Structure formats: structure tokens, C-alpha cells
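Q: What follows is the residue order along each chain.
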Amino acid sequence: MIDVLYFAWVRERIGLPRETLETQAATVADLVTELKAREPRYEAAFADLSALRVALDQELSEFDAPLKGVREVAFFPPMTGG
Amino acid sequence: MKISVQAAPFDLGAELSEFGTGRADVGAVVSFTGIVRDDSGQMHALELEHYPGMTEAAITRIAQEAVERWDLADALVIHRHGRLAIGETIMMVATAARHRAAAFEAAEFLMDYLKSRAPFWKKEHGPGGTSWVEAKDTDEAALKRW
Numbered sequence: 000m001i002d003v004l005y006f007a008w009v010r011e012r013i014g015l016p017r018e019t020l021e022t023q024a025a026t027v028a029d030l031v032t033e034l035k036a037r038e039p040r041y042e043a044a045f046a047d048l049s050a051l052r053v054a055l056d057q058e059l060s061e062f063d064a065p066l067k068g069v070r071e072v073a074f075f076p077p078m079t080g081g
Numbered sequence: 000m001k002i003s004v005q006a007a008p009f010d011l012g013a014e015l016s017e018f019g020t021g022r023a024d025v026g027a028v029v030s031f032t033g034i035v036r037d038d039s040g041q042m043h044a045l046e047l048e049h050y051p052g053m054t055e056a057a058i059t060r061i062a063q064e065a066v067e068r069w070d071l072a073d074a075l076v077i078h079r080h081g082r083l084a085i086g087e088t089i090m091m092v093a094t095a096a097r098h099r100a101a102a103f104e105a106a107e108f109l110m111d112y113l114k115s116r117a118p119f120w121k122k123e124h125g126p127g128g129t130s131w132v133e134a135k136d137t138d139e140a141a142l143k144r145w
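Note that the protein sequences, when read in sequence, are chains E and L. In this text, residue positions in the first sequence follow numbering that gives the first Met the number 0: the first is 0, and each later residue adds one. In this text, residue positions in the second sequence follow numbering that gives the first Met the number 0: the first is 0, and each later residue adds one.
Where hints are given, some of them may not hold.
[To be verified] The calculated lysine-lysine pairs, modelled on DSBU-like cross-linking and capped at a C-alpha distance of 35 Å, are:
#1 E:K35 with L:K135
#2 L:K1 with E:K35
#3 L:K122 with L:K143
The set of hints was computed from the structure by calculation and includes no laboratory data. What you are looking at is a predicted structure, and each value in this text was computed from that prediction instead of being measured.
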């Protein structure tokens with residue numbers, strides 16, 4: 000089981016802030032492929048990966064990173080703090 | 000080192016009057032304050048979303064790097080989230096060092112990194128609804144100088 004979190008417009012497009020999933024995905028990219036196949040709202044949120052960032056267990060990571068041992072995945076747009 | 004991610008306003012003067020005091024190795028304190036501005040003249044409010052847990056960890060890591068790299072005596076970061084009105088203070092950083100060059104540089108480094116490496120997202124509320132503020136290419140480019 001893995002917790003998947005969404006922030007900012009990713010959260011709005013998907014329509015929920017977080018969910019817990021059962022997945023066999025080996026990498027973040029595999030997880031994205033699984034999510035996109037679920038429903039059009041996921042397809043819309045993940046249409047352009049260059050507009051997205053991913054964090055694994057609260058550390059910025061890459062889409063080709065492995066998911067083994069990861070408990071929390073978060074997807075969000077580029078950050079705009081400060 | 001003090002890191003705070005909070006919805007509540009903070010007292011800039013009180014924070015600065017305490018910061019970097021009472022020690023013989025501090026000759027310079029630099030601070031930056033971020034304020035909600037309205038470029039369109041029609042904005043009602045600014046909303047800041049963040050990623051609880053990761054936000055604190057990311058800011059702490061950035062501040063630790065600044066302390067080590069510029070040999071700072073102390074560093075302070077306060078960043079607010081939630082709904083803010085125009086003119087309200089969003090955040091502040093402060094750095095304390097032996098000399099001013101290190102304090103200025105470290106404060107700029109902190110700001111450049113907080114802008115695109117701390118998980119905050121800004122949303123503008125206006126008469127036509129809301130819109131997410133997009134990250135600028137210049138924000139990412141600013142990191143390259145460090």
C-alpha cells in the first residue's frame with residue numbers, strides 16, 4: 000500500500016487531496032501510467048509530466064525513480080513559495 | 000536556527016530584535032520580508048497551499064546548507080500559509096554572520112531556494128475567480144548561480 004498525495008491544481012483536477020493505493024508499479028512513471036488508465040481526471044492531471052514534480056517520502060525525486068520501500072508519493076506543480 | 004511554517008501573522012520587529020543578539024561573533028544581520036502584492040489591481044487575496052511535513056523538512060535543509068556554507072551564527076525562516084490579504088507579510092528570512100557579505104549572500108541563497116524548492120503553491124483570488132501562480136523560468140535559473 001502506498002499513500003499518494005496531490006497538491007495545488009493537481010489536487011483540483013483529480014478532485015481529492017490524497018488516497019491510499021495498492022500498486023505493483025516499479026517506478027513513479029509506472030504509477031503515473033496506472034493512474035492515467037483509471038479515469039479521465041487522472042489523464043488530465045498527468046497529461047504533461049514536464050509541468051509536474053514528484054516527491055518520494057517528502058523528498059524531491061524524479062519520475063524514473065524506483066518505488067520500492069516508498070510509503071508516500073506526492074505529485075504537484077513547480078513550487079511558488081517565497 | 001528557527002524555522003516556522005504557520006498560518007498566523009508574525010511580529011517582524013519582535014523577531015528581528017531577538018535575532019542574532021547576545022553573542023560576540025555576530026557583526027551583521029540581514030533580513031528579507033516578502034509581502035503580498037497586487038500587480039493586476041484586482042486581486043482580492045492570495046492563498047498559499049503547502050505540504051505539511053515536507054515544507055518544514057525542506058526549509059530546514061536549505062537553512063542548514065546556508066549556515067554551513069556561509070558559516071552563519073544563526074538563520075531564521077518564517078513562512079505563512081493560508082489566505083492572505085494584499086499588504087500582509089508572507090514570509091521572512093534573516094541571517095546573522097560575522098560580516099555583512101556573508102549575511103547578504105546567505106539571505107539571497109535562502110530566498111532563491113525557498114522560492115522553488117520549498118513546497119508552497121500560490122493561488123490568486125480575483126473578480127474572475129482563482130488562478131494558480133505559475134513558476135517562472137527565472138526562478139529556476141536563479142539557483143544556478145549557487
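Q: Quickly compare the C-alpha distance for K35 of chain E and K135 of chain L to 35 Å and report which way the hint goes.
A: holds (27 Å)
Q: For the pair we were handed, K122 of chain L and K143 of chain L, check the Cα-Cα distance against 35 Å.
A: With a Cα-Cα distance of about 26 Å, the restraint between K122 of chain L and K143 of chain L holds, given a limit of 35 Å.
Q: Take a quick look at whether K1 of chain L and K35 of chain E sit within 35 Å of each other, Cα to Cα.
A: Answer violated: K1 of chain L to K35 of chain E is near 41 Å, above 35 Å.
In summary, the one numbered hint that this structure violates is 2.
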